[in-house]
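K.L.:
Next come the chains, spelled out residue by residue.
Protein chains: 2
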Amino acid sequence: MKIEALDAFYLRMPEVKDIGDGSQDVLVMRVQAGGFVGWGECEASPLTTIAALIAPLSHSACHPIRSSIVGQELPGPDEMEAFHRRVRERSSDLLQTDHALSGIDIALWDLIGKVHGAPVWSFFGAKNHAKTAYASQLFGDTPSATYEDARSVPPEFRAAKFGWGPFGRAELADDREQLAAAREGVGPNRTLLIDTGCVFGHDVSRAAERIALLEEFHVGWWEEPFAAGALAEYSQLSKQTKTKLAGGEGAHTADQARHLIDYGGVGFIQVDAGRIGGITAARQVANYARQKNVQFVNHTFTSNLALSASLQPYADHPSGYAEVPLAASDLAIAIGGMPWVLDPDGGVSAPGNLGLGVTPEPLAISPYLQEVEIRWNGKTLWNSLDNKL
Amino acid sequence: MKIEALDAFYLRMPEVKDIGDGSQDVLVMRVQAGGFVGWGECEASPLTTIAALIAPLSHSACHPIRSSIVGQELPGPDEMEAFHRRVRERSSDLLQTDHALSGIDIALWDLIGKVHGAPVWSFFGAKNHAKTAYASQLFGDTPSATYEDARSVPPEFRAAKFGWGPFGRAELADDREQLAAAREGVGPNRTLLIDTGCVFGHDVSRAAERIALLEEFHVGWWEEPFAAGALAEYSQLSKQTKTKLAGGEGAHTADQARHLIDYGGVGFIQVDAGRIGGITAARQVANYARQKNVQFVNHTFTSNLALSASLQPYADHPSGYAEVPLAASDLAIAIGGMPWVLDPDGGVSAPGNLGLGVTPEPLAISPYLQEVEIRWNGKTLWNSLDNKL
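So the protein lines, in turn, are chains A and B.
Letter 113 of the first sequence, counting from 1, is numbered 94 in the working numbering, and no numbers are missing.
Letter 372 of the second sequence, counting from 1, is numbered 353 in the working numbering, and no numbers are missing.
It is possible that some hints are incorrect.
[To be verified] In silico DSS-like cross-links for lysine-lysine, where the CA-CA straight-line distance does not exceed 30 Å:
1. A:Lys360 - A:Lys273
2. B:Lys(-2) - A:Lys360
3. B:Lys220 - A:Lys360
4. A:Lys220 - B:Lys220
[As the list claims (entries may be wrong)] Listed below are several chain B residues computed to face chain A (Cβ distance under 10 Å; list not exhaustive):
5. Ser26
6. Ala33
7. Glu152
8. Pro348
9. Glu352
10. Ile355
Everything labelled a hint here was simulated from the structure, so no lab data went into it.
Heads up, the beta-carbon is just placed ideally off N, CA and C, and yes, glycines get one too.
Let's have the full structure, built from the sequences with the hints guiding it.
P.N.:
Below, the structure written as structure tokens:
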């Protein structure tokens, strides 16, 4: 069975604000083979990723991505790693490849699941274990705002994460008030996680000033103290604190995630399947993490299509955490429906449906569709009108 | 003085072949401020990089690159690192950023040199030391072809490199014949360098089978035995062989190059200024390498504009090697002139001219100019006709 078509749909909210919310636009990929249809979502700049699909050949290590997909034999589940290696080799000098491949890989897994009549996770293991969902949100501008947000985390969540905002940017006393407010709001019995959003760059001493604070408030993990590639700094901090470090959302290859485990000393490796190279690369990291006694966690901040994809690679891990977007944008709802329903214990599981179990509805997403046309020497390389929903 | 304009010129040979030669197309960047003009060159997929310049805002960590450049105050030489950090922070979720920033950074350094009336290297140190040029070429399809190529390396070159081709893909005996031919052709007194082009992926044992061969023929370095991120594999091999390992051309951040030094055990770190984030990032690596007793080497396979940019970051290192493209394509000559002239000892130095000292001539490059138009919801985001040479 040959891959007959690869389409990409650039969706965007009517107004996009210069704020951290990464769910304001999205590139949705659709692959087709033998009458089956698979859907995936990239965590990527949509227009740049479209260009990567169709950019003219530069040389043998810089092919347009689409040329490695359409017309190829649909790989079986055991052939996806080899399929990946070929795409990456043919486009290794095109940096945007990993982001583009992520959405395509997810769509291919959805398709493979449908063709084989099975959920994606079933190719990785017999069991689909629930994970403890955590509610992910930003620190408020003031400690009292953080307290209110923490209080309003729905009771079914057994864990909550606060991040970014003013934390790490002001005095130590201010950070203490923020942490105290978050802990008081979520209460003593739920897990409190902290995400400092790379704020300390490569500065270990500034980060280390917060060690006592995070330990005092029994923080479950300390996410992204440093820039994504600051492995030596991760390692130094990990040796000074009892709080386990977490990171990895910036990784766009499985190797980069492995480096955080091998050299950064993280206790949690957080992988965005929509960026690291899809389910195939995320699964490689999940396997490696398990082998190294590091907990694999998804990174997801957009739709239920992305959430389903991100839960598949470690569905067979018997326990762990899962990031669940708390408030879905209208665009995210259009793609993947209403926020995920947790089980009564606050757990979240990959769907039992075939493939990924989340299929965008053309009529629902079409209001967000962006028109893009790319012309080169008078020839149309891309016209969104050719990508029919 | 404000940065008034950033233009990008997509240049391409009339025919681009599906071969390894990365000089068949190029994206040249031009920045302007206060009547001065600076030029730079990316080692990047041109169309994808243009899209990264103008892609609509996705969120606060995914701005189009051009929005971080035009209208900004022209940084002084000491402000370039801060300028960099800001561009990368504003576009950290746009993977193609590092490749785009590389060309812009090089053009900015050229501009800064012209504004301050000094060559770029003079901002890094008082001296501009020559490096031993090596001629870079591919293994022939047969040992006798390799022998002929090695024989025809111009006599002024004190070192020659052979790479890719059949090496590592066939039997050990075949690799031995290739190495013997290369060594016989270059003679016993010139340095022979070998580039295995990532052929062993993550497979240490297959690479290790070649250790005795490379030692037997006194190979000066063993370049890219593994995939760019295979740090543990680099480290394992480095402990088994006396031949120093080399790598780094795939790095698109200074951190990634540091990892090859810290964890990969390389003896030579090879950086492409047109990919790692320009001269600013390459200079960070050059400083770090020196501190760690690792030799910094440029990676350059295109024009003299790229070669000049790649020599600046380590001009103050008292010795070392430099990669010099042996045969320039017509496009490379149009951009930066005829192949670089070596000094009588086979050395190569950065020019003494202001800035980078290599300025493309509009009439020479215009025959290679590609027309690109990118439209979004009926609005023209990019039209190459607006970028006037």
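K.L.:
Look at each hint and say if it fits the structure.
P.N.:
Verification of the supplied hints:
1. A:Lys360 - A:Lys273: 51 Å, violated
2. B:Lys(-2) - A:Lys360: 19 Å, holds
3. B:Lys220 - A:Lys360: This hinted pair is violated, its Cα atoms lying about 53 Å apart.
4. A:Lys220 - B:Lys220: Roughly 26 Å separates the two Cα atoms, so the pair holds.
5. Ser26: Nearest chain A Cβ about 4 Å off; hint holds.
6. Ala33: 5 Å, holds
7. Glu152: 22 Å, violated
8. Pro348: With a minimum Cβ separation of about 13 Å from chain A (threshold 10 Å), the hint on B:Pro348 is violated.
9. Glu352: At 5 Å from the nearest chain A Cβ, B:Glu352 passes the 10 Å test, so the hint holds.
10. Ile355: 5 Å, holds
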